[in-house]
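Enquirer: The chain contents come next:
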Amino acid sequence: EVQLVESGGGLVQPGGSLRLSCEASGFTFSSYWMHWVRQTPGEGLVWVSRMDTDGRTTNYADSVKGRFTISRDNAKNTLYLQMNSLRAEDTAVYYCARDVAGRYSAWGQGTLVTVSS
Amino acid sequence: DIVMTQSPLSLPVTPGEAASISCRSSQSLLHSNGNYFFDWYLQKPGQSPQLLIYLGSNRASGVPDRFSGSVSGTDFTLKISRVEAEDVGVYYCMQGLETPYSFGQGTKLEIK
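These protein sequences, in sequence, are chains A and B. Quick note on my numbering: the first sequence kicks off at 15 and runs consecutively. Quick note on my numbering: the second sequence kicks off at 515 and runs consecutively.
For the record, the hints were derived by calculation from the structure and aren't laboratory data. Heads up, none of these hints are tricks.
EDC-like mimics (lysine to aspartate or glutamate), calculated; alpha carbons at most 20 Å apart, straight line:
1. A/K90 to A/D68
2. B/K558 to A/E57
3. B/K626 to B/E531
4. B/K558 to B/E624
5. A/K79 to B/D515
6. B/K622 to A/E57
7. A/K79 to B/E612
Take a look, some chain B residues computed to stay more than 10 Å from chain A by CB distance:
8. A532
9. D579
10. G587
Even for Gly, the Cβ is constructed at its ideal location relative to N, Cα and C.
If we strip away everything but chain A, and leave its shape as in the complex, we get (with noise of 0.2 Å):
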């Protein structure tokens, strides 16, 4: 069975650091493209970063550039997201997505993320 599963959100202040994780199983994790999606209320479903198979290839939103950044360990089967510098903004549910051929064919279960003083 293929799953996702994040971890690593909570409480941060601004200005704050947090580094999630999304460890993979049930497929070949190193041949996958893979991506971060977050979601609010108020913005609904926004991409935020993806990754290539090897790590060489990297993409960002605008909105995170500069702040964030994706890695992973494939003998981990583990996908990450540094996030720096956080804003009251970049508060919302975190999920990693794995890509095939620019669809996500599985979603993991989301982590939290909230940034506040």
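Dock chain B against chain A, hints included.
Expert: Same frame as chain A, now just chain B:
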């Protein structure tokens, strides 16, 4: 950036009736391989989104055949032939042709 515009945003439906959701992209989603990089997702209450339709008109594994997708240029339509109680939730369209991938605003389907 590609903008996805969905309608309606709210859709009350009587069980057994048909329902239709539209999505328009601000530019073509036709890939050089001949496929439309466009999907429909359903987010049931308290759950993560799940893939319903991919490449514009292909049902994902396990999706009932009462769901269908169609494409006409930059206009995409999701049709549910006979709505059931389990179909409630928020439906999103998404383009995966280029980054930033983008979603529609979501259509909340509720049972009358």
